[in-house]
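Quick note: the sequence shown, position 34, residue 34 per our numbering, numbers continuous.
If you're looking for bench data, these hints aren't it; they were derived computationally from the structure. None of the values given here were measured: they were computed from a predicted structure. Treat the hints with caution; some may be incorrect.
Here are the simulated DSSO-like pairs of lysine-lysine, each with C-alpha atoms no more than 27 Å apart in a straight line [claimed, not checked]:
| id | residue 1 | residue 2 |
| --- | --- | --- |
| 1 | Lys-131 | Lys-353 |
| 2 | Lys-162 | Lys-345 |
| 3 | Lys-84 | Lys-162 |
| 4 | Lys-131 | Lys-164 |
| 5 | Lys-84 | Lys-345 |
| 6 | Lys-164 | Lys-345 |
| 7 | Lys-164 | Lys-84 |
| 8 | Lys-131 | Lys-162 |
| 9 | Lys-131 | Lys-345 |
| 10 | Lys-162 | Lys-353 |
| 11 | Lys-164 | Lys-353 |
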Amino acid sequence: MATSTKNYGAIGLLPGLLACLIVMMAGIYGAQLIGELLLATGVLPEGSASPISGIFVAIMLGILIRNTIGLPDLFKTGIGFSVKYALRAGIILLGLRLSLTEALKLGAWGLPLIVACISVGLFVTLFFTNKLNQSNRLGTLIATGTGICGVTAIMATAPVIKAKENEISYAVANITIFGLLGMLFYPYLAHFFFENEPIKAGLFLGTAIHDTAQVTGAALIYNQVYDSSVVVDVATITKLTRNVFIIAVVPFISFLFFRNNAKNGNGEAGTLPKWYKLFPVFILGFLLLSLMRTIGDATASSSGTAFGLFTPEAWANFYSFWSSFGSTYMLGLAMAGVGLSTNLKIFKGLGIKPFYIGFIAALSVGAVSLLLISLFGDLISI
1 MATSTKNYGA IGLLPGLLAC LIVMMAGIYG AQLIGELLLA TGVLPEGSAS
51 PISGIFVAIM LGILIRNTIG LPDLFKTGIG FSVKYALRAG IILLGLRLSL
101 TEALKLGAWG LPLIVACISV GLFVTLFFTN KLNQSNRLGT LIATGTGICG
151 VTAIMATAPV IKAKENEISY AVANITIFGL LGMLFYPYLA HFFFENEPIK
201 AGLFLGTAIH DTAQVTGAAL IYNQVYDSSV VVDVATITKL TRNVFIIAVV
251 PFISFLFFRN NAKNGNGEAG TLPKWYKLFP VFILGFLLLS LMRTIGDATA
301 SSSGTAFGLF TPEAWANFYS FWSSFGSTYM LGLAMAGVGL STNLKIFKGL
351 GIKPFYIGFI AALSVGAVSL LLISLFGDLI SI
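Work out the full structure: start from the sequences and follow the hints.
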């Protein structure tokens with residue numbers, strides 16, 4: 001990412017960090033207001049969280065501020081720090097959200113379904129990015145967001161491929177829009193195809209919708225309209241299992257990006273980076289905390305205390321707090337920085353075609369999910 005993060009004096013960081021903090025909090029509050037409005041109008045079932053991410057609202061607010069009143073140079077250092085380091089901390093803490101044992105519940109047929117849907121999201125996006133002559137960086141971000149877990153995957157990939165702020169913002173907007181459309185319409189589509197088959201309906205919602213919050217919202221809509229709590233459980237497990245693949249997909253998609261650039265003479269020095277540069281250190285941190293969550297759950301279940309230290313309730317409170325802190329506050333701080341450093345003038349070269357790509361990719365993932373679940377869904381039990 002292009003934002004400068006040099007000269008980190010403690011005092012020099014404060015203005016930018018404070019600006020990011022204010023925008024982040026405004027984004028969180030704004031998303032809550034939108035959720036309350038959707039609840040009041042009956043669009044969402046009672047008890048639902050806002051399907052609009054506070055991260056997305058923070059980006060939009062940051063862009064608005066940057067392109068109306070503007071920001072003096074004294075804010076740049078702290079904003080750059082947020083974009084680089086708060087991002088990494090947030091993704092690492094997200095590892096506590098994922099227990100690897102949850103993936104095993106899907107069995108031998110559920111995992112191939114997830115892999116197939118991820119693969120379609122990746123390769124359809126990259127194919128049309130190439131055909132429509134769009135930015136490889138932007139296409140790569142949209143591909144990971146569509147294939148894996150929305151905004152988190154975009155933010156994990158961005159530093160590796162050195163994405164620009166406008167490309168990140170465009171990719172996040174793309175994923176948010178099509179994920180929201182899926183959240184609102186897919187519960188009814190799932191019921192049309194899989195009436196009285198809640199496992200299949202949950203699998204479809206968990207594989208066809210981009211972001212975790214949107215999957216949860218879709219499952220809750222299904223539960224309220226069709227009275228099936230099983231769909232909520234299956235959709236959640238499926239989506240969290242899909243999220244685990246961020247560990248492998250980010251290095252893989254980054255490799256494809258650099259290989260394509262090198263082949264076309266667009267890469268740095270026309271060569272592929274070393275393999276270890278394709279695997280960001282913070283993804284390793286994500287994996288380690290995911291393993292920590294898995295071991296903690298296992299020990300809490302077998303001995304009654306996680307790691308011999310925490311009661312099951314205390315352990316649940318621990319990982320819930322820190323994973324929420326990472327996803328809400330650390331990533332919110334980073335994305336507020338992205339918004340505050342994005343000049344809309346640089347969007348002129350991106351055009352509308354990347355939205356076409358995101359739309360085609362979203363439809364393709366949904367279609368493949370429907371087809372495979374219809375053919376093989378009876379083999380999956382959770």
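### Query
Which numbered hints turn out to be false for this structure?
none
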